[in-house]
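Colleague: Here is what each chain is made of, one letter per residue.
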Amino acid sequence: MANLDTMMPPVTERSNILRWARKNLFGSWTDSLLTVVGALIAYWAMRGFLNWALNVAEWEVISANMRLLMIGQYPIEHAGRLWLWLGFLVFLAGNSIGIWARGSRYAFLLLLAPAALALAPFGSEPKRWLVALTLTGLVGWGLGRGKPEVLKRSVIAGWVVSLPIIVILTHGLSSSETGFMPVVRTTLWGGLLLTFLLTVVGILFSFPMGVALALGRRSELSVIRWFSVGYIELVRGVPLITILFMAQLMLPLFLPDGWTLDRVLRAMVGITLFSAAYLAENVRGGLQAIPKGQYEAAEALGLNGVQTMIFIILPQALRLIIPILVGQFIGVFKDTSLVAIVGLLDLLGIGKTVLAQPQFLGLQREVYAFISLIFWVLSYGMSYLSQQLEVRLGVGKR
Amino acid sequence: MRKTYTIFTLLVLVALALAACGTAAPAPSGGDTVTVVETVVVEVTSSAPVVVAPTGYGVTLKAVQERGKLVCGVNSQVPGFGYVDANGNFAGIDVDYCRALAAAIFGDASKVEFRPVTAAERFTALQSGEIDILSRNTTWSLVRDTELGGNFVHTTFYDGQGMMVPKDSGFTTLKDLDGGTICVQTGTTTELNLADVMAAEGVSYTPAVFEDADSTFAAYAEGRCDAVTTDKSGLVSRRSVLPDPAAHVIMDVTMSKEPLGPMVRHGDDQWFDIAQWTVFTLFSGEEFGLTSANVDDMRASATAPEVRRLLGLEGDLGLKLGLTNDWAYNIIKLVGNYEEIYNRNLGPDTPTYIPRGYNSLYTDGGLLYAPPFR
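Protein sequences appear in the order of chains E and H. Under my numbering, residues 1 to 398 are what the first sequence spells out, in order. Under my numbering, residues 1 to 374 are what the second sequence spells out, in order.
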C-alpha cells in the first residue's frame with residue numbers, strides 16, 4: 001500500500017480554512033457543542049489575562065527601555081556596528097534560504113520579520129535599520145535562488161567566519177577613544193545582546209568539546225578515558241549556578257596582584273564547560289546507537305580509525321541526536337539567564353534594573369511578560385529550524 | 001587501527017585545549033589580553049596568597065590615576081540608590097557618591113566605570129581589586145569592618161527598619177499590633193530584628209513569611225496581614241506602587257540601625273582619607289550653602305576662612321590628600337552638595353521620596369556632621 005501520510009488529498013479538500021473548520025470543529029452537533037463550550041472555557045480562563053494585557057498593563061515601560069533591553073548600556077554611537085553584523089547574519093540567512101530551502105514556497109517570508117518589527121514602537125533610527133535588514137535579507141535570498149551552485153561555498157564560509165566577525169564588531173579594535181572602531185568594554189554589553197553572545201559562544205565551543213569528550217570516554221587509552229569520565233561526572237554533578245558563582249566569586253581571589261579576568265569571559269567559559277559535559281553524554285548516546293556492522297563495513301573498505309569516525313560514524317550519530325542537541329541548545333539559551341544572579345546585566349538582569357527605575361516601579365508583570373515572550377519566540381524559532389533540518393536529513397525515517 | 005583512533009582523540013583534545021586558549025584571547029579588551037597571559041604564568045610559578053589586591057599606602061590612588069577612571073561597585077536594582085535609567089546611565093544616591101569621588105580625583109565626574117555587583121559578590125570584588133570602592137547600600141557592621149577586609153568610609157544614608165500599616169487601622173505604636181499578623185521576608189535580618197524588638201516590647205504577633213520582597217508586599221496589598229516591615233527606604237519605594245499609596249502610613253518607629261555607606265579595602269589609608277573627606281565635602285557643602293549653581297560665585301566672593309580652605313583658595317588641603325587643590329570645588333561644581341544629591345534621588349519631587357529624618361545636617365536635628373576643614 002502507498003504511504004497514506006504522503007498521499008495528497010483530492011484537490012477539493014485541500015487548504016480551505018472554512019472547510020477545515022467545518023470538518024474538524026462542526027462535524028456533528030456534538031462536535032459543535034464541544035467547540036462552543038471549549039471556546040467559552042478558553043475565553044473564561046484567558047479573560048483576566050487579556051483584560052490585563054490590553055487595558056491594565058503599562059507597556060510604556062517596555063517601549064521607553066527598548067534599547068536597554070536589547071543592547072544594555074552599549075554606547076548608542078557604536079550601535080551601528082551591531083546592526084552591521086546583524087545585517088551580515090540576515091544576508092547569510094537569506095542566502096541560505098534561497099539555496100537550501102528552494103522547495104519551501106513561504107520560507108522567504110521569515111525575512112520580512114524585521115520589517116514587521118519596525119511597526120512596533122521603536123525610534124526612527126532602529127526602524128530604518130530594520131527595514132534595511134529586510135532588504136538585505138531579500139537581496140541575499142534572490143542571489144541564493146539565482147546562483148545556488150556558485151554561492152554555496154562562500155555562504156558556508158560566511159557562516160564559519162560569522163562568530164569572529166560578530167565578536168570583533170561588538171568588541172571593537174582600537175583602544176583609543178578616537179581611533180577606528182573604539183573598544184566597547186564588556187561591562188557595557190547587556191540585554192538581549194549579551195544573552196545572544198553567551199548562547200552562541202556557549203553552543204559553538206561546547207559542541208566540539210562535547211564530541212571530543214564523548215570520543216574520549218569511549219577511548220581505549222585509559223588516561224583519556226578516565227579524564228573524560230572524571231570531567232563529565234564532576235561537572236555534571238554540580239548545578240550551573242555554582243559554577244558561575246565559583247567563576248565570579250572564587251576565581252578573582254586566586255588571581256595574583258589585582259589582575260582581573262573579564263567577567264563576561266568568565267561566564268562564557270563557565271557556560272561552555274558546563275554544557276560540554278552534558279553534550280558529551282548526548283553524543284555518546286548517538287555513538288552507541290551505531291551498529292557494529294558500520295565499523296566493520298568501514299574497515300572492510302580499508303578506512304582507518306580516524307576516517308571511520310569522521311566519514312562513517314559521527315555523521316550518522318550526530319544526525320540521530322539532532323532533537324536532543326536542539327533541546328540542549330535551547331536549554332543553554334535559557335540557562336544564560338542565570339548570569340543575572342552573578343551580576344551580569346543580560347536580558348533578565350537588565351529587566352531587573354528597569355524595574356528599579358523610579359518612574360516604572362511595580363511593573364514586574366509587564367517586564368517579565370516581555371522577557372518571557374522574547375525567550376519563547378527565540379526558543380520556538382530554534383525548535384522550528386531543527387524540525388526543518390530533521391525533515392531534510394530524514395531523521396527518524398531511515 | 002584502534003591505536004590510531006585513540007591517538008586521534010588525544011590530538012583532538014590537545015587541539016581543543018589550544019583552540020580554547022586561542023579563542024579566549026579576543027574577547028577581553030586589548031590591554032587585558034596581555035594580563036590574561038601573564039596571569040597563567042604567575043600562577044604556575046608561585047603558590048600565590050589568597051588575598052592579593054593592591055594594598056599599601058597610596059597604591060589605590062596611583063592605580064586609579066594610571067587607569068584614568070574609577071571603578072565603582074554599585075547596585076543596579078534599588079530605586080533611588082542604584083539603578084540604570086532608560087538612557088542606559090546609572091543613577092541613584094550611591095551612584096552620585098561615586099561621581100563625586102571621580103570629580104575629586106580627576107576633576108571629571110564622568111571618569112567612573114560602574115560595575116553592578118550582587119550582594120554575594122560585593123566583598124570579593126572589593127578584596128580582589130576588581131572595584132576600587134564599594135558604594136552599594138551596604139550596612140556598616142563590625143564583621144564587615146574586620147573579617148571581610150574592608151573599612152567603612154562614613155555613613156551616607158541612615159536607614160532603619162520601619163513598619164507600614166493601613167492608615168484606617170489607626171495603629172501608631174508596636175503595641176497596637178498585639179495579636180496581629182505581620183508580613184516579613186524570610187531569611188533576612190529584618191525577620192530577626194522583628195522578633196527581637198517584639199519580644200522586648202512583649203507584643204505577640206503572627207509572622208507571615210515570604211520568599212521575596214515582591215510576594216511580601218503583594219500579600220500586604222491583598223490585606224493578608226495587618227502590617228508589613230522592612231527597611232524604611234524599601235517601605236517608601238514600595239508604598240509608591242501600592243494601589244492607593246495615600247492609604248498607608250509608616251509608623252514612627254525605627255527597629256534597627258542600618259547605616260549605609262561606601263566601603264574601601266584595608267591597607268590603603270590615603271584612599272580611605274580621600275573617600276571619607278569626599279563624604280565630608282558633600283556634608284560641608286550643604287552646611288556652608290555651596291551648591292553646584294552658586295559655587296563659582298562663592299569662590300569669587302567667599303570670605304569665611306573655612307569655605308576658602310574648602311574651595312582651595314587658601315592652604316593646600318587637597319595636596320595633603322594627594323589630589324589637586326580644587327578637588328572639593330570640583331565635587332560641588334560637578335555633582336553638587338549632599339542636599340542636591342539627596343533631593344535628586346530621594347527628594348519630595350521623586351517617586352522614591354523619603355523624609356530626610358536622621359539624614360539632615362546636625363544643625364537641623366540630623367546626624368550629618370563633618371569635621372573641620374583645616
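Treat the hints with care, as some may be off.
Claimed, not checked - Footprint (simulated), chain H over chain E, 3 or more residues, beta carbon under 8 angstroms:
1) 63-76
2) 119-125
Stated by the list, open to error - Estimated spans, in silico, between C-beta atoms of each pair:
3) H:Val143 / E:Val238: 57 to 65 angstroms
4) H:Ala304 / E:Gln359: 37 to 45 angstroms
5) E:Val161 / H:Arg224: 30 to 38 angstroms
6) E:Glu60 / H:Gly56: 25 to 33 angstroms
7) H:Ala246 / E:Ile76: 35 to 43 angstroms
8) H:Asp273 / E:Met181: 53 to 61 angstroms
9) E:Met246 / H:Gly56: 27 to 35 angstroms
10) E:Ile76 / H:Tyr353: 25 to 33 angstroms
11) E:Met181 / H:Gln65: 23 to 31 angstroms
12) H:Ala246 / E:Arg47: 29 to 37 angstroms
13) E:Arg365 / H:Ala304: 33 to 41 angstroms
14) E:Ile76 / H:Glu147: 57 to 65 angstroms
15) E:Glu60 / H:Tyr369: 53 to 61 angstroms
16) E:Arg365 / H:Asp252: 57 to 65 angstroms
Hints listed in this document are in silico derivations from the structure and should not be mistaken for laboratory results. Backbone N, C-alpha and C define an ideal beta-carbon position, used for all residues, glycine too.
Colleague: Check each numbered hint against the structure and report the violated ones by number, ascending.
Modeller: 2, 3, 5, 6, 8, 13, 14, 15, 16
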